[in-house]
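Participant: Each chain is listed here by its residues.
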Amino acid sequence: MSRSPRQIHLAAHFPGVNSTTVWTDAASGSQIDIAAFEYFARTAERGLFDYVFLAEGLRLREHKGRVHELDVLGRPNTLAILAALTAVTDHVGLIGTLSTTFNEPYELARQLATLDHLSGGRAGWNAVTSSDAFHGANFRRGGYLAHADRYERAKEFAALSKKLWDSWDDDEALPRRIRHQGAQFDVDALFDVPRSPQGRPVIVQAGDSADGRDFGAEHAEVIFSLHQDFAAARTFYDDVKGRLAAWGREEDSLKILPGATFVIGDTAAEAHERSREIALQQVRPEQALTYLEQVWGRDLSGYDPDGPLPDIEPDTGAETAHGWATRHAAVQARIAALRELSDAEGLSIRELVIRLSAKHTFVGTPEFIAGEIDRYVQERATDGFTVVGHLTPHGLDEFASRVVPLLQERGSYRESYDEGATLRDLLGLPAVVRTSVPT
Amino acid sequence: MTHRLGGVRSGADSGVMSDRIHLAVALERAGWHPAAWRESGLSPRAFTAPRPWADQVRLLDRAGVTLATIEDALALTDRSEDAADPDPRRLHGRLDAVLLASALAPLTQRIGLVPTVTTTHTEPFHVATGIQTLDFASTGRAGVRLVVGGSPAERANFGRRGEIDLETGFREAGEVADALGRLWDSWQDDAIIRDAATGRFVDADRIHNVDVAGEFFSITGASIVPRSPQGRPIISVLAHQTVPYRLAAEHADAVFITPHDADAATGILAELDQAAAELRRSPERLRVFADVVVLIEETPAAARDALARLDDLAGSEFRSDARLIAGTPPEVADHLRALAETGIDGVRLRPARQPADVVAIAERLTPLLRATRLLRDDDAATLRGRLGLARPESRYAPTQTREKVAR
Chain A
1 MSRSPRQIHL AAHFPGVNST TVWTDAASGS QIDIAAFEYF ARTAERGLFD
51 YVFLAEGLRL REHKGRVHEL DVLGRPNTLA ILAALTAVTD HVGLIGTLST
101 TFNEPYELAR QLATLDHLSG GRAGWNAVTS SDAFHGANFR RGGYLAHADR
151 YERAKEFAAL SKKLWDSWDD DEALPRRIRH QGAQFDVDAL FDVPRSPQGR
201 PVIVQAGDSA DGRDFGAEHA EVIFSLHQDF AAARTFYDDV KGRLAAWGRE
251 EDSLKILPGA TFVIGDTAAE AHERSREIAL QQVRPEQALT YLEQVWGRDL
301 SGYDPDGPLP DIEPDTGAET AHGWATRHAA VQARIAALRE LSDAEGLSIR
351 ELVIRLSAKH TFVGTPEFIA GEIDRYVQER ATDGFTVVGH LTPHGLDEFA
401 SRVVPLLQER GSYRESYDEG ATLRDLLGLP AVVRTSVPT
Chain B
1 MTHRLGGVRS GADSGVMSDR IHLAVALERA GWHPAAWRES GLSPRAFTAP
51 RPWADQVRLL DRAGVTLATI EDALALTDRS EDAADPDPRR LHGRLDAVLL
101 ASALAPLTQR IGLVPTVTTT HTEPFHVATG IQTLDFASTG RAGVRLVVGG
151 SPAERANFGR RGEIDLETGF REAGEVADAL GRLWDSWQDD AIIRDAATGR
201 FVDADRIHNV DVAGEFFSIT GASIVPRSPQ GRPIISVLAH QTVPYRLAAE
251 HADAVFITPH DADAATGILA ELDQAAAELR RSPERLRVFA DVVVLIEETP
301 AAARDALARL DDLAGSEFRS DARLIAGTPP EVADHLRALA ETGIDGVRLR
351 PARQPADVVA IAERLTPLLR ATRLLRDDDA ATLRGRLGLA RPESRYAPTQ
401 TREKVAR
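Those sequence lines, one after another, are chains A and B.
First residue of the first sequence: 1, per the working numbering; consecutive thereafter.
First residue of the second sequence: 1, per the working numbering; consecutive thereafter.
Hints are supplied without guarantee of correctness; some may be wrong.
Taking CB as the label site, the calculated pair distances span [claimed, not checked]:
id	chain 1	residue 1	chain 2	residue 2	range
1	A	Q294	B	S80	50 to 60 Å
2	B	D378	A	A146	24 to 34 Å
3	A	G317	B	S80	50 to 60 Å
4	B	A84	A	R375	53 to 63 Å
5	A	D315	B	H240	50 to 60 Å
6	B	S43	A	G411	38 to 48 Å
7	B	P88	A	S253	31 to 41 Å
Below, in silico cross-link-like pairs of lysine to aspartate or glutamate (EDC-like), each with a Cα-Cα straight-line distance of 16 Å or less [to be verified]:
id	chain 1	residue 1	chain 2	residue 2
8	A	K359	A	D229
9	A	K64	A	D299
10	A	K64	B	D203
11	A	K64	B	D205
12	A	K155	A	D229
Rather than coming from a laboratory, the hints here were simulated on the basis of the structure.
Here the structure is a predicted model, which means the values were calculated and not measured.
All C-beta atoms, glycine included, are put in the ideal place defined by N, C-alpha and C.
So that you can see chain B by itself, here it is in the shape it has in the complex (with noise of 0.2 Å):
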């Protein structure tokens, strides 16, 4: 018994895994600390280039580690940032994540690739389409963490919606989570025939519109792209709070947490449990990984110096939605284990700075869990295939076929 149909959790599934964990890294141009760019001596322009990306991410993939995931907004500024005055000392400008991903799926071999696509503001159809082609161009790589975009920064600069509170966005998201499995299940794996004898490319009567109509939003046709690699991508979310807790429960396959602490962790593990219990439908269980800050350097003094100067640069002390462990890889190793011990499948590291603390993850971090047989290791060639979520068949196939597959 591998899975539990509408959990989270089960006592089946800790007592088989042990606690080894998946190792996913947010990349979010210069770092997550906001001083990070400034100390690095490079200018904005640096975070626009494809090389430095490509460089940290190549490393990631050869170190082991399951997945990137890649910040995005559609807003210059931060939301900690008064969007009427931006903060100069901040980084502002990037890139648009999916097309990132997409440039880096044909210089990376295995790990997956996971960009963060806003809800509130794109056509669902385009960001179905964009994922499928990133799920393509990496032969089965790709996933998308969807995130909602209210801030009046970002709906000043497409001026098309009005204030919109927590609920109605996360209610929309959700309606876009349902819309992309559908488009991504529109095309059955076998649509395709190139059949001369009666001069059909496709069978029609594989491909499917997917007539959905929601609250937000409607779409009539299938998808214009065929079924991709993993047939339906990986879904991913952040979540502090009981809305997006269950935004994940119904919709994603995995979702990132942020716990402080041990503790934290098991009493959200539960929280999900209990939505999940309620709403989930998949018959695959919610990953669940833990977000934690991370600066890394060789002395537990180096560490402290390190994030004293990065405070002091910006102004204030360092403060984050995510635990911050500043300190050796050894003290890292330590927190992700007590971690790991809460039956999480994962944990996502935001480097503090980039690229000094994705090296420092990859040739002194990645070793020592590997070597303290904390980080699990698989052989899979996709990302669904290394998260352990089976290909899914099309919705849409007939039912005899789906069950010839399943066997």
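Only chain A is shown next, with the shape it has when bound in the complex (with noise of 0.2 Å):
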């Protein structure tokens, strides 16, 4: 007698600023405009998928000191964004990626609670940290995080957040005070947004770093990883699901969806040829050469796209500037990495490129793909995955109609949404456990 098969776990990943996004194709889109997010929102909830999920913008991408001009630019305010989806959708998960180096706990706990409230229980929180000056040029305090303490403001973010969502009783008429003394944090606070829905809006952890997966055992419920191949995303699951114990938690109190990128044609034939077309789109020659340009440090525009590598050196800053010998060994040491694998399969400039950063995940015909989705979940490699598509708004339209039918037919996909469920059923999380908060 069989048991029943595991469920899969699908997201998805809104195609907005990434060089996955194809925008010179004619179905591309706006990246910004309401429809095209209300577009997409609604055809993950057609797919009955758990959730949206959004990256975040803190600053504009630049190249050679001027904005990226070759891929999508711009985007929406996450939370404002998912605020407004949440009066046009009705089931699917609303997951936002924020930052705990520009935002303070306070604020953005009382956002999270209510993006909850908003969406009758739909709401979750992307942690991410990010320590660079780059992207602290914009905000109050700057670059003001040294890497090695990203971490440990992550933690203390996420642990103080979790106080103060806990301090409303569900039918009490005020919270209880809240003192928390930490190294990042220091408050004395009465949180103002009563519990919502879902308690603590679900916590996802996308970060790969050994600080990373221990915060993601901590506190995560999601893992976002990055492990798309099937061995490796089976040592990433055993890794971070071994660490659960030590936090006295369970296997399926942490779901992995590594990110990955999808293919469907007729046929085997038909899907591999899609995927060297959309692979070209990906990365046209100009983008080709910019990223050489960035591990290069310096303007390759003379280079033929579709000749050798440069045989140049890169230009790694003055010899006197602070970390200079790691960095200058570190940038030689992935080009000679490029070098290697250029050498040993004959491969372009714009041929290495598209096989570094535009290999597609899983190509083929729709029964292909729903086999090898649901053999990564049943033999524990992950619990599910997070689609990433190439167009904005259509990225999801053919996975939702050609492959979540033949996920349902084998019995280890949902047929509807319940009535009423918050993203934490739809994850198949258990409740949230209140840490006892003394007054």
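Work from the hints to combine the two standalone chains into their complex.
Facilitator: Have a look at this one:
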């Protein structure tokens, strides 16, 4: 007698400011109008996804001292657009990426609790760290945080946020006072948003460092990982889930949903042909050179994108600058690795960049893709995937129409949303156990 | 001649405009009377559900109200309350106003949405992008009301700032208003080119670092959000005295004032005029709204009784910075007419009870104001348009472009 299969969880990454987003395609629409977000979120809902996932903008990307011109640029404020989406969706979760470095807990906790109220319990927070002066230049405190302290702050931020969310009992008229004194925060707070439907929004983590994994094991309920290869995904799954016991947590209290790209065809051959076409759109000749310019640190516009790698030395700045030797060695090592790959496979500049940045995770027929997703989940390499489309706003259409029904046939994907289900319910996460807060 | 550089009032304007006024409504959970939530019979939790907000704003939208402001503060307690010992008879707990307004945007058609934002503890960069996003979500109906949040309760919630005096707090608010305008202008309208021939999605020459470095903060980069439908959403402030009057004259598109009668309104307008003559750089006249707390019943006796009941519940007579009018729709209309004759642009009604007085404003008062030709009606699609404000070209656009558009 076979047990019922493990259930697949799917998230939908809005294709905006990413190098994977193709804007030169005739089907490419606005990355900023509310209609684009509404269409995308409703498609995710049609595909019965667990949640829509949005990245965050803290500063426009730059290249050679100017804003980067070649990729999609410009996006909405993450929280405000998710709040708008609460009004035009009914079931799908809404998760935003929000920095623990350039926010303060009281304000971010009230914004997330508000999002949870507005959505009827569908809010989530991808807690990320940032420490660099480039982004800091847009914020009051500048680049104030040392790299080593960024997870210290993230942990204290998450812990304090939980205390604030937990400070209201379900039926009390007033919250408990939260006094918190730590290395990062010193507050004496009365939280002003009553307890939200989920109690706390779902917390997502995306960093891959040892510190990031520790943060994930302690606080995260979903991990947005980068490990797409089956063996690597399985190693990561075992590593991270293995850390849970130390925090008294069960395997299912944390879901791992790697980002993955999908190219669908009627036949395998057609899918691979489309994959190649999309890769050529994702890495246009000028983008290939830009990719290498970011490694070399110098202008390479004279080089032929279809020719061999530049045979010149990188520019790693003045030798007298702090940390020059380490940086110089790292760049040299990176270039050596690129040369080795290029030589071994006979790749031009553009083909090399396609190989490195536009390799699609799953390419094939809907049956093949559904089978692969199911295999990863049943064999505990992941709990599902974060689908990263390449077109705005239609990037999810084909997946929802052609792959989702096959997952349902396998019995490992929901047939409908349960009425009133929270995001926590959709993800199959345990209910929040409130921290006891001394008053 | 529709605008006079630097002024608030102008002789030409008051002649042309007659006494027609805009109607704005200030939404505050259960209403502005502190006992209103207890009389409503609703649990405090009813005010964090989105539905009642949507119902009320849609009602006001259909009634032709120009804009709705949404109250907010970064503290549980009101300033009139002891922060160390919150009064359990008061309503506590709220939603973030910018996010609430964003959720109301797709549900409404024409009404301007103006959430309150505290300038003291927030990141000006996040505020700028949040309001731009509200402008996109509402296709051109966003504004913001800036408030200073220097109370001990607010400061303790953040633990970053020491005592802040009034002048310092407002100086910072001015710096925030200036930074918002710059960030909102940082993308020219034509920055997104999608030029397949050169492979460029944007023209970097049309996106500008703001390089703001003031007394309180600095911001280097451009906004992450492209220029929004209105270009620059509306900036508004509530003002009771000289320091905020000067902030409004220098930085705001609209100001809310609290005259208790027409003479007081005339006096405030004169002071605003003087401040604007000295400080205002915008070519657009400052729009002035007079705040009035309203409690509306069908008979004078019913209004008196309702107010007495609320005051009894509260344990003290209602006190407010703005004039309270508890009366019938015609009585409220008479008061608004007297204010309109002073040359103000509009009134902002603060419903004493929600939803009761919001319903009365939409269903009883608005038709009366329209029938007596006191209400200003318009067919503009954006909030700027409804207030008679032109869509400004980005300050960073080359001069030739600016002139071409102006013509």
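Participant: Look at each hint and say if it fits the structure.
Facilitator: Going through the hints against the structure:
1. Distance hint check: the CB atoms of Q294 (chain A) and S80 (chain B) are about 56 Å apart, consistent with the given range 50 to 60 Å.
2. At about 55 Å, the CB distance of D378 (chain B) to A146 (chain A) disagrees with the hint of 24 to 34 Å.
3. Evaluation of the 50 to 60 Å hint for G317 (chain A) and S80 (chain B) yields a pass: the beta carbon distance comes to about 58 Å.
4. Between A84 (chain B) and R375 (chain A) the C-beta distance comes to about 59 Å, which sits within the given range of 53 to 63 Å.
5. The hinted range of 50 to 60 Å is satisfied by D315 (chain A) and H240 (chain B), whose Cβ atoms lie roughly 58 Å apart.
6. S43 (chain B) and G411 (chain A) have their C-beta atoms about 42 Å apart, which keeps the hinted 38 to 48 Å range intact.
7. Between P88 (chain B) and S253 (chain A) the beta carbon distance is about 36 Å. The supplied range of 31 to 41 Å therefore holds.
8. Distance check on the hinted pair: K359 (chain A) and D229 (chain A) sit about 12 Å apart at the alpha-carbon level, within 16 Å; holds.
9. For the proposed pair K64 (chain A) and D299 (chain A), the alpha carbon gap of about 8 Å is at most 16 Å, so the pair holds.
10. Pair hint K64 (chain A) plus D203 (chain B) holds up; C-alpha atoms about 14 Å apart against a cutoff of 16 Å.
11. Restraint check for K64 (chain A) and D205 (chain B): the C-alpha separation of about 13 Å stays at or below 16 Å, so the hint holds.
12. For a cut-off of 16 Å, the pair hint linking K155 (chain A) to D229 (chain A) is broken: about 29 Å separates their Cα positions.
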